[in-house]
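Residue numbers (this note's numbering), protein chains in the order written: chain A, 1 to 598; chain B, 1 to 609.
Hints in this document: simulated from the structure, not taken from any laboratory.
Any given hint could be a false lead.
[Stated by the list, open to error] Subject to a maximum C-alpha distance of 25 Å in a straight line, what follows is the list of computed DSS-like cross-link-like pairs (lysine-lysine): (1) B/K223 <-> A/K451; (2) B/K545 <-> B/K358; (3) A/K483 <-> B/K545; (4) A/K242 <-> B/K535; (5) B/K535 <-> A/K593; (6) B/K226 <-> A/K35; (7) A/K242 <-> B/K410.
[Said to hold, decoys possible] Among the chain B residues that face chain A by a calculated CB cut under 10 Å, a handful are: (8) L61; (9) Y89; (10) V191; (11) Q206; (12) A240; (13) L252; (14) M255; (15) G413; (16) S423; (17) K427; (18) A482; (19) L570.
C-beta: ideal position from N, C-alpha, C; glycine also.
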Amino acid sequence: MTTRISPPAFITQSEEILDKMYDPRVARGLLRFVKPYARQMSVALLFMILVTAASVSGPYFVKLAIDDGIAANDPVSLRRIVLIFLAVSIFQLGFNYLRVRIMSRVGQHVLYDVRMAMFGHLQKLSLSFYNRYSVGRVITRVINDVGTLREFITWAVLAIVRNLLGIVGTLIAMLALNLKLSMLTFAVLPFMVLATMAFRSVARKNYRKVRAAVSWTNSVLAENVNGVRVVQAFSRQERNYKTFKEYVNRYFYETSLDAARVASVYTPVVDVLGAVATALVVYVGGTAVLGESITPGVLIAFVLYVDRFFEPIRDLSRRFDTLQSTMAGGERILELLNTEVDVQDAENAKELGVIVGGVRFENVSFHYSDDPTLVLDQINLDVKAGETVALVGETGAGKTTIVKLLARFHDPTDGCVLVDGVDLRMVTQQSLRAQMGMVLQDPFLFNGTVKENILFGRLDASHEDVISAAQAVGAHDFILGLKDGYETLVEEGGATLSVGQRQLISFARALLANPRILILDEATSSVDIQTEQVIQRALARLLKGRTSFVIAHRLSTITNADRIIVIDGGNIIEQGRHEELLGSRGRYYELYKTGFQE
Amino acid sequence: MKHLIRISTFLKPYTWQVLASLVILLTLTGLNLFVPRIIQSVIDDGLVGGQTMSLARSALLLFGLGLGSAFLNLSHRYISEWIAINVGYDLRNRLYDHIQYLPFSYHDHAQSGQLISRCIEDVRSIERFAGSSIAELVRFVFLSFGILFVMFSVNQSLAVISLLPIIPLILMTSSFGTKIGKLFFAVDSAVGEVSNRLQENVTGVQVVRAFAREEYETNRFEKANKAVFTTWVKVIDEWAKIMPTTNWLTLLSTMLILWFGGGMVMDGTLTIGAIVAFNAYILMMAEPAQALTGLVNAGGEAAAGAQRVLEVLDVAPAIRSKDGAIKLENLRGEIEFREVGLKYQNEKNASLDGINLKVEPNRLVALIGPTGSGKTSFVNLIPRFYDVSEGAVLVDGHDVRGIDLAALRKQIGIVLQTSLLFSDSIKNNIAYGRPEAAIEDVLAAAKAAQAHEFIEGFPNGYETVVGERGVTLSGGQRQRVAIARALLMNPRILILDDSLSSVDTQTEKLIQIALDKLMEGRTTFVIAHRLSTVKRADMILVMDKGRIIQRGTHDALLKEGGLYKEIHDLQLVGQVRFSDEMEMVEDLLGAAAEGEMHENTLMQRRSDN
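Here chain A stands alone, though its shape is the one from the complex (with noise of 0.2 Å):
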């Protein structure tokens, strides 16, 4: 059966579905996570060869039994043929056991640390990196992707290594025991490889089909669900559930179907081939027996050493998958711990000290490095500590930049940025953001108490402090009308507070950080006229005394402010007091008139 359905194209063509064949580079770059349990890696590997040895030797010992003890009627050598297999099998227990528990902790630290390396390479990278990566890409690199390399390193590489030494210990052995018996098993063997590579290239299609289904399902689920209002609010549940039923599920099925077809082909021809090997066995071997080249032993061996040498083969190709799926996710987090940190402490970079929190932009430009249009052009500021500056203007005029430069989520492309007339790139980001405030348009929240939110502004805050700052911007009445006061859960989204209260949240976090800079980008979204007025308070008590930024939106905020700044292109257009600028009748004017929005 060939579907006629087909997922759009940037499902086929997503980088998740992409087929990535055994990659050196990417085995090199993983293999730097497993060098430092090299030692324990060797042991493991040395205890597997000797488990292998062990197990291959066990029909050996039957044919030994047989031959030496039963068939030769000497009780006594076949007790001590039995003990001796007895002993070697108890020695084989006890080195799997330790090479089981050795390899997978290793497993589970490289596992570990490469988790940590991903995190903290996450701190690093500059904001730019989060506005091309979602959340749900970086959540399927740390867990799906690492995930993916659990399967390789405790169980692919484990098990082909494994089966390797199982192949080759079974394969000395039988060559050891009867050459011409061999040369009949292994003349199947061609067999084998053929119907293995033809497996491979047929499965390796249907299993990317398969991952294509699994993405399809998973992105059309994700939006139906996050959008669950809305398709209840238009009634199109029907509708929703048809595509759902005859293209997207459907498509899962046919690929699965698709993909089980050729795999519950495989198994069987392999069987099949292993059948005609013990048959040959049986009737050469038999007739060697009978004319006395080979004893019965031997050919007992013989049939118990047929049925491991396929075992393995068949085991192999089905771990090939794993290896192939880890390789695409293997390649992925590498991918990202490569991503390189743009913005990055100097070698020699300072603590800076306590600042007053005077600020200078002399000549600075800046662009984005995938793109040369200038966002900001030969900017020049002085800012004395304690004033307050309203930035103005449309938008992507470029006043975010502009803060962003001064808290250094970016450098600039030209000029330099300076803080009491330090350079910011002189300095260690920590010591400079530890005396930065920010708060952001979309007040988040963290999953935790109210209490916990604020007390992000300083960790070692007291619980009096938090409740004064949280007096201070006039939030404490609303936290105390909550279901647990200060100890209520926000809940994901922070779906339990309003707007205005998650902002007001989020002033009493930066007031209590109580920093000597203080960024804030105002909120557009209108909240209702008391909530507003409770905000104006908390602002002006938040502003005082402090160097502010402010990417004004309320008129109360703008006219306020010690100095308003009118960008727009990039460009630094008017500056200026409130009626100074409204007297000029230029682009403050003009704004002014229509209502300072987007």
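Since the structure of chain A is already known, use the hints to place chain B on it.
Same frame as chain A, now just chain B:
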């Protein structure tokens, strides 16, 4: 276990296939049981007895059995995969549909990521179990009984001796199963925690950076990461114990057979061939017995998956049209609230309390009041997004709980507070509620919502794909598309929940004009903060703490005083001052130096932008 049994009802439509696969499996097992006997005859009749013919016959038989069992194996595998895939398909469909109908109150507290993983990951583990694992389990049972039968019929004492190690093997495996399930659960929640930490860290990255909290965050992540490590190590330690041990126990069986069987051969009570056959039987049984660990594992995963899937399926879609619901085809648009109270789950206070209201068709009702006063809760009751905790909401005199939901909602156009669009073309987004709408209608709706112009500005116009994989629209643009989407429904009842908050003042005015026209002949509910919208309403509801504290027309409410007048005055002051000042600025043109004169007024003035 009980979850697995419950979920197994999904196997019911495939009873025949399940039976067929069992029959095939039974035959296959029977065939497999012959192989050791053939080997035995090779040794005893062929080698020891010296019959070449018997050798040839055995070899042919082995080959034939191999071929036959391969064919059966193939059909068995395919059928069980087929069953699994069908069950998965059905389960996903069922979940998808079920989730669509779960009420808002469920989605308010559900984590979307988890819902999605239930549909994919959990269904997968159930599917895997339903397909291969159950079959393996059955095969193990068949095989065990078959082997027991054959072994005991050949030599009872050797059968007992050789099977001795298999007993602890099975016991260990089953205790492993119960233990590993719990350990895996711990791993899952540890991984969940890592994912939560990440999700938060990435969504809040600006805050983390702004407060220089990278180290703090890394420490928190490290703790979660460490938990993943330790929980996994516990799982591994169990594996490390069981895997080599089960392996060893089968070897022990072989040794016992050699030791005691060897003695019997020397006594002449047993043949060498029988020893070999016994050994082969033990190996045959050991393989599925060892695989049992994996099966128990898969069973545990499937049971956990089934539990999670059932958790979703067990949530009654409380808000669904009941049987015999009235299909109101042509709404007049009369709305009545009778003693309505609403209390969300997990909330301390009621969100609506004692609401009484009757709205005649084609009226414009405006709701105003502080954040959290219950305005959105109020309008959400009309399309029955939530059910009232007390009282009743009536549309055209019928309780909404007795009305066919789809028919009702198709006649209500709603613009939600957050304008969510789907990653599809703008055209399909506007036509979301009426996919069959003619393109002219789509254009007309877009024009009315002041969206036509910016849509035409895109290179692909109405075919422009929006969302993560397409063009990003600004908040104002999204809102206008959402308005067009609601207008295209040509609804009898229109609900606008603060839908003009992120458009600029000029666009707002344009939309307002369009909306004024559209509101004619419809019952309209508007939630707004700006009085300009509210003023013209036939009835203004002033809400506070879940109650209607004032109602009436603009003029009446102004006379009455209270909260409405307060809000009005605050906004009015801003507006009057704004226009005063504009006049003043005009006057002062040319005499710009006099700015200081009106500083006092400027300092206090506020405007609602």
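ask   = Should the hint that B/L252 touches chain A count as held when the rule is a Cβ pair under 10 Å?
value = Hint on B/L252: holds, closest Cβ of chain A at ~7 Å, below 10 Å.
ask   = Does the alpha-carbon distance linking A/K242 and B/K410 stay inside the 25 Å limit?
value = Roughly 18 Å separates the two Cα atoms, so the pair holds.
message = Does B/S423 hold up as a contact with chain A if the rule is Cβ-Cβ below 10 Å?
response = It holds, given that the least Cβ distance between B/S423 and chain A is near 6 Å, below 10 Å.
inquiry  = For B/K223 and A/K451, compute the direct alpha-carbon distance and say whether it is at most 25 Å.
reply    = holds (21 Å)
task = Hold the hint about B/Q206 up to the distance rule: shortest CB distance to chain A must be less than 10 Å.
result = Holds - the Cβ of B/Q206 comes within 10 Å of chain A, reaching about 6 Å at its closest.
query = Should the hint that B/L570 touches chain A count as held when the rule is a Cβ pair under 10 Å?
reply = holds (5 Å)
query = With 10 Å as the cut and Cβ atoms as the points, is B/L61 at the interface with chain A?
reply = holds (8 Å)
ask   = With a cut-off of 10 Å, does the beta carbon of B/A240 approach a beta carbon of chain A closely enough for the hint to hold?
value = Because about 4 Å separates B/A240 from the closest Cβ in chain A, which is inside the 10 Å limit, the hint holds.
request  = Have a go at the B/G413 hint: is there a Cβ in chain A nearer than 10 Å to its own Cβ?
outcome  = holds (9 Å)
inquiry  = The hint names B/Y89 as touching chain A; please verify it with the least Cβ-Cβ distance against 10 Å.
reply    = holds (4 Å)
ask   = Once the shortest beta carbon distance from B/K427 to chain A is found, is it less than 10 Å?
value = violated (15 Å)
query = Is the shortest C-beta separation between B/A482 and chain A less than 10 Å?
reply = OK, holds: B/A482 within 10 Å of chain A, min 8 Å.
When the structure is compared with the earlier hints, violations turn up for hints 4 and 17 and for no others.
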